[in-house]
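Residue numbers (our numbering), protein chains in the order written: chain H, 5 to 161; chain F, 1489 to 1763.
Heads up, some of the hints might be wrong.
[As the list claims (entries may be wrong)] Examples of chain F residues lying across from chain H (beta carbon under 8 Å, computed):
1. Lys1545
2. Glu1576
3. Asn1579
4. Phe1583
5. Pro1601
6. Tyr1602
7. Leu1603
These are computed hints drawn from the structure, not numbers from a lab. These figures come from a predicted structure and were not determined experimentally. We put the CB at the ideal spot given by N, CA and C, even for glycine.
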Amino acid sequence: MISNMTFSQNDSTHIAHNILYIELAGVGGYGSINYERVVFFKNKMMFGMRCGISSYHINDYSNTFNPDIVIPLSINAYYGKNHKAEIGVGETISNIVHADFANFKPKRETKFHTIFSIGYRYQKNAGGIFFRCTYTPIFEFNKYLRHWAGISFGFSF
Amino acid sequence: MIKKTIIFFLIVCNLLSCKKEEFHISNLNGNKITALGHAGMGIGDTYPMDSYESIIKCLNLGMDGSEFDVQLTKDSVLIAYHNKDLSENTNVKGFVNSLNWNELQDAFYTETPYLNYSIISLEQLFSNIDNLHEYKFTFDCKLYTNHKNINEFYTSYINALINIINKYQIKNNIYIESQSETFLCLLKNKEPTYKLFIYPESFESGLETALSIGLYGITISTRNITKEQIEIAHKSNLFVAIWNTVTKSDNVEAIKKNPDFIQTDKVKYLLKLLK
Chain H
5 MISNMTFSQN DSTHIAHNIL YIELAGVGGY GSINYERVVF FKNKMMFGMR
55 CGISSYHIND YSNTFNPDIV IPLSINAYYG KNHKAEIGVG ETISNIVHAD
105 FANFKPKRET KFHTIFSIGY RYQKNAGGIF FRCTYTPIFE FNKYLRHWAG
155 ISFGFSF
Chain F
1489 MIKKTIIFFL IVCNLLSCKK EEFHISNLNG NKITALGHAG MGIGDTYPMD
1539 SYESIIKCLN LGMDGSEFDV QLTKDSVLIA YHNKDLSENT NVKGFVNSLN
1589 WNELQDAFYT ETPYLNYSII SLEQLFSNID NLHEYKFTFD CKLYTNHKNI
1639 NEFYTSYINA LINIINKYQI KNNIYIESQS ETFLCLLKNK EPTYKLFIYP
1689 ESFESGLETA LSIGLYGITI STRNITKEQI EIAHKSNLFV AIWNTVTKSD
1739 NVEAIKKNPD FIQTDKVKYL LKLLK
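Model the full assembly from the supplied sequences, consistent with the hints where possible.
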């Protein structure tokens, strides 16, 4: 579906539309695995949609398999040839297990957090090694601002 | 031939890596080391220190118990919390002792993105531990306060401690440590059978204080005590609890010193070594 959403004014230009990368810290919390799809490009301008996944604990505090799930979703715009400036906005969905203070049993709770990113990325249009470095402020629970940052490594293809 | 050599080498490496280190422990604790978590799962874990989740996870992994920090609210509720000011790692500001418990009910730790674990009272903790009497707990009494009359504050703190210990009948499972000699003296006078530990800057000062007040033992960083000094403490009938075992090798070195208790930051690793 995402591939059908890819638009370009110059289809003859070869563009690597897919990016797989690991982000240390950043909008996934302490780290995340991410896929990004370039959905629009025109000259030096590109737009990508990113989806990631992360976790803090696989087993909960009662030592039962019950993983925390953190899913960062964002739309990124980047400008440049190989060295690009990036800006992005999105939402992280967290689904975290903690003690329910009503009965002190593990309880899973879903929360939403608005995320931003601004920074630099190295991404060749033809594909290859991918690197980015971003300042990623997070509006946790859409209430508290946390200054945060991330570094990403991966490849585009 | 080369293939066989590589396989042999891999098998030898595997066997060596599986070899469990053996320790010959000699201490006052029945030649066993009581394995405690440092504020639950320790410094650096994604569960915040002293949180319910951290302490319960530590117990569920098979530790003998846990150390945790204890502070007193303005309305005399004991809570598990480490820092001097709440603003350092929660969404609330001020000293614990300047706030009532109901002002902390909605407080949560802010150390890690997307996580909002709550602060817990000792009442909440102890009323929700299954088989409570099977575990050992060390209270690290943090005496931060703006109270003008420090002795009055100590008295309130001590009364709250006695109340919770009596309520859950856990006197034999509790060790109490503090850096304050005055506080320990007051507590010792009121409850002479409590197991009290001084938490000194140096071994020498700790030994002197423990002997002069008649304490149960000394709690000290593993970096500030040697095996020989632990032997000296044991000869004086003083138990020794060591903390600051942050790395795997810290834990191994700590065990070799023959302490009676280790409060570890590497819970799983200490379990692997001792159990």
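Each hint tested on the structure:
The restraint placing Lys1545(F) at the interface with chain H holds, with a minimum CB-CB distance near 4 Å, inside the 8 Å limit. At a threshold of 8 Å, the smallest CB-CB gap from Glu1576(F) to chain H is about 15 Å, leaving the interface hint violated. A least Cβ separation of about 7 Å between Asn1579(F) and chain H falls short of the 8 Å threshold, and the interface hint therefore holds. Against a cut-off of 8 Å between C-beta atoms, the interface hint on Phe1583(F) is violated, since the closest Cβ of chain H lies about 22 Å away.
Because the smallest distance between the Cβ of Pro1601(F) and any Cβ of chain H comes to about 5 Å, under 8 Å, the interface hint for this residue holds. Given the 8 Å rule on beta carbons, the hint for Tyr1602(F) holds: about 4 Å separates it from the nearest Cβ of chain H. For Leu1603(F), the interface hint holds, since its Cβ comes within 8 Å of a Cβ in chain H; the closest pair sits about 6 Å apart.
Hint compliance for this structure: hints 2, 4 are not met, and every other hint is.
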